[in-house]
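Asker: Protein chains in written order, with numbering that gives the first Met the number 0: chain A, 0 to 477; chain B, 0 to 477.
Accuracy of the hints is not assured; some may be wrong.
Which copy? The list can't say, so a pair holds if one copy fits it or any two copies do.
Here are the simulated PhoX-like cross-link-like pairs (lysine-lysine), alpha carbons at most 25 Å apart as the crow flies [claimed, not checked]: (1) Lys-26 / Lys-125; (2) Lys-323 / Lys-171; (3) Lys-323 / Lys-313; (4) Lys-313 / Lys-380.
Hints listed in this document are in silico derivations from the structure and should not be mistaken for laboratory results.
Here's the letter readout for the chains.
There are 2 protein chains.
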Amino acid sequence: MSNEKKLVEQITSMDEDFAQWYTDIVKKAELADYSSVRGCMIIRPYAYAMWENIQAGLDKRFKETGHHNVYMPMFIPESLLQKEKDHVEGFAPEVAWVTQGGDEELTEKLCVRPTSETLFCEHYAKIVQSYKDLPKLYNQWCSVVRWEKTTRPFLRTAEFLWNEGHTIHETKKEAEEETIRMLNVYTDVVENLLAIPVIKGRKTESEKFAGGDATYTIEALMHDGKALQAGTSHYLGQNFAKAFGMQFLDREGKLQYVHQTSWGITTRLIGAIIMVHGDNDGLKVPPRIAPIQVIIVPVAQHKAGVLDKAAELKERLSKIVRVKVDDSDKMPGWKFSEYEMKGVPVRLEVGPKDIEKNQVVLVRRDTREKIIVPMDEIESKVTELLDNIHESMFNAAKKVMEEKTSTAVNMDEFKDAVENKTGFVKAMWCGDAECESKIKEITGASSRCIPFEQENISDTCVCCGKKADKMVYWGRAY
Amino acid sequence: MSNEKKLVEQITSMDEDFAQWYTDIVKKAELADYSSVRGCMIIRPYAYAMWENIQAGLDKRFKETGHHNVYMPMFIPESLLQKEKDHVEGFAPEVAWVTQGGDEELTEKLCVRPTSETLFCEHYAKIVQSYKDLPKLYNQWCSVVRWEKTTRPFLRTAEFLWNEGHTIHETKKEAEEETIRMLNVYTDVVENLLAIPVIKGRKTESEKFAGGDATYTIEALMHDGKALQAGTSHYLGQNFAKAFGMQFLDREGKLQYVHQTSWGITTRLIGAIIMVHGDNDGLKVPPRIAPIQVIIVPVAQHKAGVLDKAAELKERLSKIVRVKVDDSDKMPGWKFSEYEMKGVPVRLEVGPKDIEKNQVVLVRRDTREKIIVPMDEIESKVTELLDNIHESMFNAAKKVMEEKTSTAVNMDEFKDAVENKTGFVKAMWCGDAECESKIKEITGASSRCIPFEQENISDTCVCCGKKADKMVYWGRAY
Numbered sequence: 000m001s002n003e004k005k006l007v008e009q010i011t012s013m014d015e016d017f018a019q020w021y022t023d024i025v026k027k028a029e030l031a032d033y034s035s036v037r038g039c040m041i042i043r044p045y046a047y048a049m050w051e052n053i054q055a056g057l058d059k060r061f062k063e064t065g066h067h068n069v070y071m072p073m074f075i076p077e078s079l080l081q082k083e084k085d086h087v088e089g090f091a092p093e094v095a096w097v098t099q100g101g102d103e104e105l106t107e108k109l110c111v112r113p114t115s116e117t118l119f120c121e122h123y124a125k126i127v128q129s130y131k132d133l134p135k136l137y138n139q140w141c142s143v144v145r146w147e148k149t150t151r152p153f154l155r156t157a158e159f160l161w162n163e164g165h166t167i168h169e170t171k172k173e174a175e176e177e178t179i180r181m182l183n184v185y186t187d188v189v190e191n192l193l194a195i196p197v198i199k200g201r202k203t204e205s206e207k208f209a210g211g212d213a214t215y216t217i218e219a220l221m222h223d224g225k226a227l228q229a230g231t232s233h234y235l236g237q238n239f240a241k242a243f244g245m246q247f248l249d250r251e252g253k254l255q256y257v258h259q260t261s262w263g264i265t266t267r268l269i270g271a272i273i274m275v276h277g278d279n280d281g282l283k284v285p286p287r288i289a290p291i292q293v294i295i296v297p298v299a300q301h302k303a304g305v306l307d308k309a310a311e312l313k314e315r316l317s318k319i320v321r322v323k324v325d326d327s328d329k330m331p332g333w334k335f336s337e338y339e340m341k342g343v344p345v346r347l348e349v350g351p352k353d354i355e356k357n358q359v360v361l362v363r364r365d366t367r368e369k370i371i372v373p374m375d376e377i378e379s380k381v382t383e384l385l386d387n388i389h390e391s392m393f394n395a396a397k398k399v400m401e402e403k404t405s406t407a408v409n410m411d412e413f414k415d416a417v418e419n420k421t422g423f424v425k426a427m428w429c430g431d432a433e434c435e436s437k438i439k440e441i442t443g444a445s446s447r448c449i450p451f452e453q454e455n456i457s458d459t460c461v462c463c464g465k466k467a468d469k470m471v472y473w474g475r476a477y
Numbered sequence: 000m001s002n003e004k005k006l007v008e009q010i011t012s013m014d015e016d017f018a019q020w021y022t023d024i025v026k027k028a029e030l031a032d033y034s035s036v037r038g039c040m041i042i043r044p045y046a047y048a049m050w051e052n053i054q055a056g057l058d059k060r061f062k063e064t065g066h067h068n069v070y071m072p073m074f075i076p077e078s079l080l081q082k083e084k085d086h087v088e089g090f091a092p093e094v095a096w097v098t099q100g101g102d103e104e105l106t107e108k109l110c111v112r113p114t115s116e117t118l119f120c121e122h123y124a125k126i127v128q129s130y131k132d133l134p135k136l137y138n139q140w141c142s143v144v145r146w147e148k149t150t151r152p153f154l155r156t157a158e159f160l161w162n163e164g165h166t167i168h169e170t171k172k173e174a175e176e177e178t179i180r181m182l183n184v185y186t187d188v189v190e191n192l193l194a195i196p197v198i199k200g201r202k203t204e205s206e207k208f209a210g211g212d213a214t215y216t217i218e219a220l221m222h223d224g225k226a227l228q229a230g231t232s233h234y235l236g237q238n239f240a241k242a243f244g245m246q247f248l249d250r251e252g253k254l255q256y257v258h259q260t261s262w263g264i265t266t267r268l269i270g271a272i273i274m275v276h277g278d279n280d281g282l283k284v285p286p287r288i289a290p291i292q293v294i295i296v297p298v299a300q301h302k303a304g305v306l307d308k309a310a311e312l313k314e315r316l317s318k319i320v321r322v323k324v325d326d327s328d329k330m331p332g333w334k335f336s337e338y339e340m341k342g343v344p345v346r347l348e349v350g351p352k353d354i355e356k357n358q359v360v361l362v363r364r365d366t367r368e369k370i371i372v373p374m375d376e377i378e379s380k381v382t383e384l385l386d387n388i389h390e391s392m393f394n395a396a397k398k399v400m401e402e403k404t405s406t407a408v409n410m411d412e413f414k415d416a417v418e419n420k421t422g423f424v425k426a427m428w429c430g431d432a433e434c435e436s437k438i439k440e441i442t443g444a445s446s447r448c449i450p451f452e453q454e455n456i457s458d459t460c461v462c463c464g465k466k467a468d469k470m471v472y473w474g475r476a477y
């Protein structure tokens, strides 16, 4: 009853108020709820099931590439956090501190991990002696805390879930290869499971990870033209190795410092799913990670044989897809809009007439297309349709990204692009951090990445006009 | 090299020093490591892989019984923790407090969750209005923190991993059924995946969960005769419902309070695996959760064809079991003791002579039995053997538990049983908390549970001699 009531109210149109549209979907598709804990959210069953599917896709790939999961403590002593100078400067201002355990004041305060490089380093320093112990390819699934001032569900919360990979290697070359390998794993999952196209590239010096040598990123574009950093992979060089004494005897018997990487991807991906695929009727969940891939809605379910047929179809389909029957006493119309709000990729309708004709009706969430399918062929048709929907969603998102990508050769064009065209701006940059911050100040657009696929937009920096050979993607960002 | 060196040193004998034997296994089987964070441990890849398998077994059963996973914040504001009086009294003395976020002092301190009833209650109170919204069957996988003074890896640590189920129901009957259902799920996993026999029963009032009406438990017995609480399921009644206002409109349109349960099982199960199954050569991992079920050790691997054959066998076996080849340049003898330490259930040896005879040698970790098997039959033989090992390990553990279980009808017998026979003591109890605490004071044995399967040991309380009709399992415990 209460559910039905919620559904009749329309959600805010995304053209009218994108931020409110986002919040409405989060609430009405029952993805997250606020808690009484400042900046922390509750991930509700439907969104958590998406995360479990994303996690399974990632974890499989992590293991296939030789990684092992571990679990490190959630606390980091202040002195440990301080060991790597740039790292502590980057993270200390935004951590939560435990100062009291039971009734006792702690002699050293502990931060709740914002990321766990320091803990992994301390452990690696103890367990690695020789090149024979390398590489170490560890990953952990956990939550981390960053004391953000302003928060939004999934996109920016004081606590979020993520994976953090931490690896150490014998040579620079191996570590650099690992960094790119894991960026490619993230790309694979985001594009091929989430149907979200991304731009791959390297972060500028001012946007890179605190304590690292290089940060690589995948950047996605939301419906409102704002960019979202969807995953990052860092080459940490030997910075932490030197701070934590991570040394090993090499093949010549000499002591060397290890070369290190770390990489992470978070629950903000669910925010990206909402903002890349959603529309004014709600969410569209990419089929490969959808908790419900097919929702069976019986029509005229009080009539003889309808519910039995629905159950039979569910039984058959459950062998190949995630399927559910809604045989509640709500009207079919209510059910249609409920599952549209929740973005279930395929609705299967079956009623007395369909049974008579030995057919079912499949309705795509993405295009609304209705397809009549012989009852005998549902397995193959549904499988085909889900793949088809994935492709369509990816292509639609890619088209939007391309349409919202402009080029600029001077600041006037740049400002115009950001304000009127929205989206990514491709422009040349001289490499000077001053130009980068000036661009951000003037337009609100930060450098998103120096893409691997370079184009020569012009020969001069869009900001200072000096010689420039780097093409950069810029954009306002989440 | 460093690994080999570690392995030649024998571990402490369990008869000599059980605690040191335990610590040696944790270290040498590479299960956990200490961190610089007081009371927190690092779960290393091999132990974490066991936890992943345990988790998968539990999660499957949770989902089959209709539960959904969610994620709640890791922090609880002080005022929220205080809402249920008994609950806060039970947990507040042992929580870690966050008092500072970034540079700012918090106006209200936040505890790091020791358990999440309060957060679930707050959420449920918001989302449940009618009996149609019930039951809510949620679970979460996370880490929790309890500020323990003395800690031991897996058994008692300031932070540990667990599942916490939280459900609310329309009727008391449904909630009580759920409490027992989940206790049975825990029993199923502990007995049928971990090969650990347990005693099922109810906790006494003084041992029950802070804030609940009844706590049910499964109790296992370790090799040294000490008991270990392996999982608990709580019927919370309407205590939290009243404190948090969790009300719904029932079928007659009247406002009612929900009936509630919670249940949890933790990484201490890994401690139980060590102490129930291990021996003086190391760990014995129960086959069904073993990260490596079969280790292939090539013999005379430099000879032509040996490594190829090992790879071929791995290829075949990997379709049905978790299998690894160790083709490192260590001597087979080193490898044998390494995988014995790690408790891999089956070792498969293959050398030139075996290849000639078209056979392999299978060696059981639990009984050391060697079995020669025709190469064509390895799939069926290995499958059979793993089941066989599971049964044997379970039966061996059950035998130890039975041998170490005594009965006592008076305090002299009780003291004698605890001191000389070790293990569980079955004795009658009048139900008075004073007798319970007196028994603990005198013997060090606490009440473990009032088992579902009652026996009439005598007619009078073992402590005060008054009439008694409850048989209780007592024991010193971890």
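Asker: Next, verify each hint and record whether it holds.
Answerer: Status of each hint after checking the structure:
no.: 1; hint: Lys-26 / Lys-125; in the structure: between (47 Å within a copy, 13 Å between copies)
no.: 2; hint: Lys-323 / Lys-171; in the structure: neither (50 Å within a copy, 29 Å between copies)
no.: 3; hint: Lys-323 / Lys-313; in the structure: within (7 Å within a copy, 39 Å between copies)
no.: 4; hint: Lys-313 / Lys-380; in the structure: within (14 Å within a copy, 37 Å between copies)
Hint 2 alone, counting from the list given before, is not met by this structure.
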